[in-house]
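Heads up: the protein sequence lines correspond to chains D and W, in order. Okay, so the first sequence: first residue is 62 according to our numbering, each after it adds one. Okay, so the second sequence: first residue is 261 according to our numbering, each after it adds one.
Bear in mind the hints are in silico, worked out from the structure with no lab data behind them. Using N, Cα and C, we set each Cβ at its ideal position, and we do this for glycine too. Treat the hints with caution; some may be incorrect.
[As the list claims (entries may be wrong)] With a cut-off of at most 30 angstroms between alpha-carbon atoms, the simulated DSBU-like pairs for lysine-lysine come out as follows:
no., chain 1, residue 1, chain 2, residue 2
1, W, Lys392, W, Lys498
2, W, Lys546, W, Lys566
3, W, Lys408, W, Lys392
4, D, Lys166, D, Lys290
5, W, Lys471, W, Lys413
6, D, Lys290, W, Lys527
7, W, Lys425, W, Lys413
8, D, Lys101, W, Lys386
9, W, Lys566, W, Lys356
10, W, Lys392, W, Lys505
11, W, Lys488, D, Lys290
12, D, Lys101, W, Lys488
13, W, Lys386, W, Lys498
14, D, Lys290, W, Lys392
15, D, Lys290, W, Lys523
[What the hints assert, rightly or not] Covered, in the sense of this in silico footprint (three residues per stretch, anywhere, with C-beta under 8 angstroms from a C-beta of chain W), are these stretches of chain D:
no., stretch
16, 97-103
17, 116-128
18, 281-287
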Amino acid sequence: MNKKLIRRRRLKNALFQGVLISIIVFSIIMLLLLLYQVFKVGFSHLSLSFITSMPSRFADRAGIASALAGSIWTISLTILFAIPLGVGTALYLEEYANKQSWWTKILELNISNLAGVPAIVYGMLGLAVFVRFLNFQRSILSGALTLALLILPVIIVSSQEALKSVPSTLKEGSYALGVSKWQTITGVILPFSIPGILTGSILAVSRAMGEAAPLIMIGAAGYIGFMPKSPLDSFTVLPIQIFNWTSRPQAEFQDIAAAGIIVLLVLLLSMNAIAIVLRNKYQNRMD
Amino acid sequence: MKKITKKITTILALAFVAPLILTACGQSGQSGQSLTGEIKIDGSSTVFPITEAVAEEFTAQNPDIKIPVGVSGTGGGFKKFAVGETDITNASRPIKAEEAKMAEENGIEYIEYTVAYDGITIVVNKENTWVKNLTAEELKMIWEPDSKVTTWKDIRPEWPNDDIKFYAPGTDSGTFDYFTEEINGKSGSIRQDFTGSEDDNVLVQGIAGDKNAIGFFGFAYYEENMNKLNLVAVNDVKPSLDTIKDGSYTPLSRPLFIYVNNKSLDKPEINAFVKFYLENAKVLAKEVGYIPLPDNMYTDQLNLLK
Chain D
62 MNKKLIRRRR
72 LKNALFQGVL
82 ISIIVFSIIM
92 LLLLLYQVFK
102 VGFSHLSLSF
112 ITSMPSRFAD
122 RAGIASALAG
132 SIWTISLTIL
142 FAIPLGVGTA
152 LYLEEYANKQ
162 SWWTKILELN
172 ISNLAGVPAI
182 VYGMLGLAVF
192 VRFLNFQRSI
202 LSGALTLALL
212 ILPVIIVSSQ
222 EALKSVPSTL
232 KEGSYALGVS
242 KWQTITGVIL
252 PFSIPGILTG
262 SILAVSRAMG
272 EAAPLIMIGA
282 AGYIGFMPKS
292 PLDSFTVLPI
302 QIFNWTSRPQ
312 AEFQDIAAAG
322 IIVLLVLLLS
332 MNAIAIVLRN
342 KYQNRMD
Chain W
261 MKKITKKITT
271 ILALAFVAPL
281 ILTACGQSGQ
291 SGQSLTGEIK
301 IDGSSTVFPI
311 TEAVAEEFTA
321 QNPDIKIPVG
331 VSGTGGGFKK
341 FAVGETDITN
351 ASRPIKAEEA
361 KMAEENGIEY
371 IEYTVAYDGI
381 TIVVNKENTW
391 VKNLTAEELK
401 MIWEPDSKVT
411 TWKDIRPEWP
421 NDDIKFYAPG
431 TDSGTFDYFT
441 EEINGKSGSI
451 RQDFTGSEDD
461 NVLVQGIAGD
471 KNAIGFFGFA
481 YYEENMNKLN
491 LVAVNDVKPS
501 LDTIKDGSYT
511 PLSRPLFIYV
521 NNKSLDKPEI
531 NAFVKFYLEN
541 AKVLAKEVGY
551 IPLPDNMYTD
561 QLNLLK
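So that you can see chain W by itself, here it is in the shape it has in the complex:
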């Protein structure tokens, strides 16, 4: 009888102590790794593929540096960055005033680096033969919060009298923030009756399957689905590598950023990573579907870093 009780006490004691031991091991493990370093990155899912590519190449050269890259979205990323939980945050829009204030309150100073361009692309269904071009004013008319537009005819009288279906990225994405800011004048202000999704492939599916659909998302998603969708020019300019790069595709071409914590930048491994990022962003951004900056913008930023 005593034996059993003893056995059970031992098991229970082990069950409670084991996690503690594991934790302790973990701590000693991590302090050993701090020599080689960990670079904590989070933020925009739009910028993620570029940072992932840079991290992949950087770890190939520096196998002892750990670089976890999160995908909390631009807003979620800034929340973590502003309290010092991450070293670098990916952002598909500039930091907002309230986010900057939060960082200031927590004593976080940072530098913004532009790493590539993305063009927010307006697309319609393959069978839609009438919409070739929309002006920024027409876009505002379509997407503004109290929009009167329900059919194509409401935009231009010669277009068909069919109900339009609206598709847009989810409200947590930087793409959504940027589009609403540029087109409707205020970040987040938009008509309520659209189908939203955080996953741009869902938008592609939706628009490809509905003759009367219109929607917008990042240029990379259009590039991969060119045969399923029709591109709409904005103010008579079609988004392409050239028009986004030279800035003629306005107002919907946007810069993509990384924000780096100043204190982190003093660490040699993070400094090396950011340098590597700016040196290789040109090639890597293009590989994953984004538009590189003009060469001198990378060199200017690199000079600032040194």
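So that you can see chain D by itself, here it is in the shape it has in the complex:
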């Protein structure tokens, strides 16, 4: 009787493990197939001139210089706006706000809801507020502000989680030594939670880098034949350039779109790598 029960439990265990393994194998195969397809088509079109040339109506002459520069500009400004604001908001909500008040509750509810709003809605907001009302035109600045709004909820929520994970013993220890709240935040809470904050921010920024829809909405161009030099210049970004090429009738453009995807992947991975190095540095310090 007992033996039978044990066998059944083991069987269940093995079964569940099998299901999990097949799920992960499935997702990895999908990812590999996608990458294989992209690399097979795009790799031969990658060259220095592809990265340094402007877009063109001839696929073999076309490059992504202006889109790459636009992406780097946009994402740098987005980080500059979104991370300080997001972490600051999370700090306020976790450390200063009265958790019981209806005001804080409404605030938190709204922020989590905003995380689920479709990107295109942020595009419309950006068009009305930044492009028209504040008259920043169809510029990198408008684009970066729109993307910052788009990822702000995710950064706030993930930073809040990271702040919550700081053990209360550490905080109380700090207070017990007579240290002020502000010093506790800068000296204990932030250093301890930075790895978690960075993880959330990496995900959010990567999402912003892959967005095309809200930027098309605010009027980012499909063709830019010059390098953007200031935040008020017109611009395009890699996802828009890639989308533009994939919708061309000529097959050659779809091939260079694959090359564009590789460049976008490399850009994403190198930004993530920087964040991971930073994260490990802080993690080691805490250990």
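Put chain W on the given structure of chain D with help from the hints.
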């Protein structure tokens, strides 16, 4: 203790001031560029390849002029054009009354230039051996909002009794507006059970992979995928360079336009650009898959410009 607070205040101050400084730099940068000029263009994704080609050639000759070309679609482009945000808008259909009204309310006057032709092409699957020709009436029967057509047999009794799959461009495209206007009599009125996509390559894939599919899109997409699709003649005329150009492919050959803001046209760089556009559209439109106008239409428009 004081030191740390000071440091943090400095960092915070920098974080808030830095964007302002950057912005200020940007402004001074832009006023410097206004000498050379920026030509803001947006609008139809159908016309985009022509304008992109013209912009590419024009910047090759005038490297200091910036020409960002957007792809908001014809409707989206007119919305921006009508409030004065763009100098030129690409359009794959004429401006609608309500768009013209909006422009008037904002004091925007404009000129319309025809730059090329496109033929909206009806296509079916390679294995479809029966549909060779459809009349405009049959097309209306197929695509009208309360269409009774579900199988090929419903169109002509001798055709097979198989369910048809319908493919059409997305509702934001000028191609969709033009087709519904010409065939169903009212822009935007169409049967509801079609697969729509803003990306014409998706339509090509869909029709190429489904024996019972029918759909329509711009001629350039057919030209690139001739080996995957069968062309359907409309009123016994097949779309081709010649039939679209001489107007015998009706009612589905359509003109493509650019609309230019009158105030912008007074600026020398924009005037030069539009002139360059009309002078080179013949060659460039053909290169990117569209059908050029007869020569005299370009020269007539150029004379009006001067």
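Now for the hints, and whether the structure bears them out:
no.: 1; hint: Lys392/W to Lys498/W; verdict: 9 angstroms, holds
no.: 2; hint: Lys546/W to Lys566/W; verdict: 25 angstroms, holds
no.: 3; hint: Lys408/W to Lys392/W; verdict: 21 angstroms, holds
no.: 4; hint: Lys166/D to Lys290/D; verdict: 43 angstroms, violated
no.: 5; hint: Lys471/W to Lys413/W; verdict: 15 angstroms, holds
no.: 6; hint: Lys290/D to Lys527/W; verdict: 23 angstroms, holds
no.: 7; hint: Lys425/W to Lys413/W; verdict: 14 angstroms, holds
no.: 8; hint: Lys101/D to Lys386/W; verdict: 28 angstroms, holds
no.: 9; hint: Lys566/W to Lys356/W; verdict: 27 angstroms, holds
no.: 10; hint: Lys392/W to Lys505/W; verdict: 22 angstroms, holds
no.: 11; hint: Lys488/W to Lys290/D; verdict: 44 angstroms, violated
no.: 12; hint: Lys101/D to Lys488/W; verdict: 23 angstroms, holds
no.: 13; hint: Lys386/W to Lys498/W; verdict: 16 angstroms, holds
no.: 14; hint: Lys290/D to Lys392/W; verdict: 54 angstroms, violated
no.: 15; hint: Lys290/D to Lys523/W; verdict: 27 angstroms, holds
no.: 16; hint: 97-103; verdict: violated (count 0)
no.: 17; hint: 116-128; verdict: holds (count 3)
no.: 18; hint: 281-287; verdict: holds (count 7)
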